[in-house]
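These are the residues of each chain, in order.
There are 2 protein chains.
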Amino acid sequence: MEKIRVAVVGYGNIGKYAVSAVLAAKDMVLAGVVRREPDDDIGDIKVVTDIKELGTVDVALLCSPTRTIEEEAVKYLKMGINTVDSYDIHSTIYELKLMLEKVAKETGAVAVISAGWDPGSDSVVRALLEACAPKGITYTNFGPGMSMGHTVAVKAKEGVKNALSMTIPVGTSIHRRIVYVELNDGVNFSDVEKAIKQDPYFSSDETHVIQVSDVNEYIDKGHGVNMVRKGVSGQTDNQLFEFNMKINNPALTAQIMVSSARASKRQAPGAYTMIEIPMVDFLDMDKETAIRRLV
Amino acid sequence: MEKIRVAVVGYGNIGKYAVSAVLAAKDMVLAGVVRREPDDDIGDIKVVTDIKELGTVDVALLCSPTRTIEEEAVKYLKMGINTVDSYDIHSTIYELKLMLEKVAKETGAVAVISAGWDPGSDSVVRALLEACAPKGITYTNFGPGMSMGHTVAVKAKEGVKNALSMTIPVGTSIHRRIVYVELNDGVNFSDVEKAIKQDPYFSSDETHVIQVSDVNEYIDKGHGVNMVRKGVSGQTDNQLFEFNMKINNPALTAQIMVSSARASKRQAPGAYTMIEIPMVDFLDMDKETAIRRLV
Numbered sequence: 001m002e003k004i005r006v007a008v009v010g011y012g013n014i015g016k017y018a019v020s021a022v023l024a025a026k027d028m029v030l031a032g033v034v035r036r037e038p039d040d041d042i043g044d045i046k047v048v049t050d051i052k053e054l055g056t057v058d059v060a061l062l063c064s065p066t067r068t069i070e071e072e073a074v075k076y077l078k079m080g081i082n083t084v085d086s087y088d089i090h091s092t093i094y095e096l097k098l099m100l101e102k103v104a105k106e107t108g109a110v111a112v113i114s115a116g117w118d119p120g121s122d123s124v125v126r127a128l129l130e131a132c133a134p135k136g137i138t139y140t141n142f143g144p145g146m147s148m149g150h151t152v153a154v155k156a157k158e159g160v161k162n163a164l165s166m167t168i169p170v171g172t173s174i175h176r177r178i179v180y181v182e183l184n185d186g187v188n189f190s191d192v193e194k195a196i197k198q199d200p201y202f203s204s205d206e207t208h209v210i211q212v213s214d215v216n217e218y219i220d221k222g223h224g225v226n227m228v229r230k231g232v233s234g235q236t237d238n239q240l241f242e243f244n245m246k247i248n249n250p251a252l253t254a255q256i257m258v259s260s261a262r263a264s265k266r267q268a269p270g271a272y273t274m275i276e277i278p279m280v281d282f283l284d285m286d287k288e289t290a291i292r293r294l295v
Numbered sequence: 001m002e003k004i005r006v007a008v009v010g011y012g013n014i015g016k017y018a019v020s021a022v023l024a025a026k027d028m029v030l031a032g033v034v035r036r037e038p039d040d041d042i043g044d045i046k047v048v049t050d051i052k053e054l055g056t057v058d059v060a061l062l063c064s065p066t067r068t069i070e071e072e073a074v075k076y077l078k079m080g081i082n083t084v085d086s087y088d089i090h091s092t093i094y095e096l097k098l099m100l101e102k103v104a105k106e107t108g109a110v111a112v113i114s115a116g117w118d119p120g121s122d123s124v125v126r127a128l129l130e131a132c133a134p135k136g137i138t139y140t141n142f143g144p145g146m147s148m149g150h151t152v153a154v155k156a157k158e159g160v161k162n163a164l165s166m167t168i169p170v171g172t173s174i175h176r177r178i179v180y181v182e183l184n185d186g187v188n189f190s191d192v193e194k195a196i197k198q199d200p201y202f203s204s205d206e207t208h209v210i211q212v213s214d215v216n217e218y219i220d221k222g223h224g225v226n227m228v229r230k231g232v233s234g235q236t237d238n239q240l241f242e243f244n245m246k247i248n249n250p251a252l253t254a255q256i257m258v259s260s261a262r263a264s265k266r267q268a269p270g271a272y273t274m275i276e277i278p279m280v281d282f283l284d285m286d287k288e289t290a291i292r293r294l295v
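Listed in order, the protein sequences are those of chains A and B.
Residue numbers for the first sequence follow my numbering, beginning at 1 and rising by one.
Residue numbers for the second sequence follow my numbering, beginning at 1 and rising by one.
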């Protein structure tokens, strides 16, 4: 079997873990890393600004910020390169799919979109639980763990030098926010606290703001999910399901993107979310092995 | 949208719940029930011995014992009717797939096999967790709940009037067996206890045998699963995952078969386990709705 040649686009938090995960995948070769600005190679890993310098690339893992995903994906799909992203704006995933599907079909490429853990593996669990109990409510509870979006919102406040917003699950999809802030000299804590609590990102959640001298002391990449569904199978109530995980956040995102790179090679041209792809396609084993080991 | 016409084959424990689940599915119509022996209609549900008496049938839900599945499936697939089963002999699922695939492709039909909860929805979770953390160990812990296979093995022992074998999870895929037996008059309990403990079904597990006056007092259809995976995402260890459920056993099996009947109408001719089918295909909603609601 020829190995899948994978490029990692972006070398931030997820990109670094994506490099590790590609190197750990027996059926893949790391073609190199693509960055916006020229940079030194990383050990014997080639770093380039243009993917064409990497020779043949089968799949590009888009580890750049969510807001750049559409543009990046279109660029690579037009070159006939499959793409995988972990685009996480839930409300516009379907629009991204429609847009990328059109481009992918023109060049015979495949895009796997929103392939992280939420959206991503959690979406697969939510769909599975709907198949098991079509009537009922699923609660997705996040954390404890760092919320990137909320942290960025706090960092933008006047007087804030550094920040960390933790998401704390309190059950039934309700979350508490605990915000650690490091302030510039002479800034009044109460003013910052008030500004944070009035921000739309925080105003509907129970929010606590704590001033600390060094935010970096509090940062860890662990995160968690607790999903609960109570529903009805056929006409039988009280069917109870629960999915939990405690994970290194960028490591899991990167692994799911790598598994999705493999899956992209097994789909017809188009754009797919994870719930549109058979689970067996994500695995580095043939169907017979997967069925004998896992079914 | 034309509704899917479904027949329920067999009217035992699972068959009864399958009838309920088909009636609860808005995109399906219950064509009727097929039994081996002639029987009265059930309310306004037609009961027949030959599926041809039910008019057009799109999908047959095979709710008969596992040992009869292959023969039943072949019969209906040859008639061009899709089949769904919850065949549960893990070691021969792949052989069943190969056999039914051949027949299904000849007539353009689809078989969804081993579509219960284990094998079935648990298999999907096992595959998903391998995609999230390819290295590591998954433990599947069953119960507390009744084991059909073990119960049948005990009932076959000399002197046993009725029996119930409960599976109790003790973690890391190890199980305790607690067997409730009702004995015929004059039978020595110690002899029966010894025979059970020596049976290959029980000899490698911690087994307790308890004599009771009426086994039926102890039977409930609840069952449970606790699946645990600790593994490696990329090169990051200690990624922790857990899936739990506490469910009415035949109700869940029947619902998954009904969801699989729907999925069968969306696959190319052939035979499929659940890990070979995209999750979205099991749901009574279009792709856009599923992606907006669940991804």
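No wet-lab data here; the hints were simulated from the structure.
Heads up, a few of these hints could be off.
Each pair may be met inside one copy or between any two copies, as identical chains are not told apart.
Think about it this way: if two alpha-carbon atoms lie no more than 30 Å apart in a straight line, the pair counts; the simulated DSSO-like pairs of lysine-lysine are [to be verified]:
id, residue 1, residue 2
1, K3, K265
2, K287, K75
3, K230, K16
4, K287, K230
5, K161, K287
Hint by hint, here is what the structure shows:
1. Taking the shortest alpha-carbon separations for K3 and K265, only the intra-copy value of 11 Å comes in at or below 30 Å, while the best inter-copy value is 34 Å.
2. Taking the shortest Cα distances, K287 and K75 sit within 30 Å of each other only across copies (26 Å), while inside one copy they are farther apart (33 Å).
3. When the C-alpha separation of K230 and K16 is checked against a cutoff of 30 Å, the pair qualifies only between copies, where the shortest distance is 22 Å, while the shortest distance within a copy is 38 Å.
4. Taking identical chains as interchangeable, the C-alpha atoms of K287 and K230 lie at most 30 Å apart only when they sit on different chains, with a minimum of 23 Å there against 32 Å within one chain.
5. For the identical chains of this complex, K161 and K287 are neighbours neither inside a copy (52 Å) nor across copies (44 Å), given an alpha-carbon limit of 30 Å.
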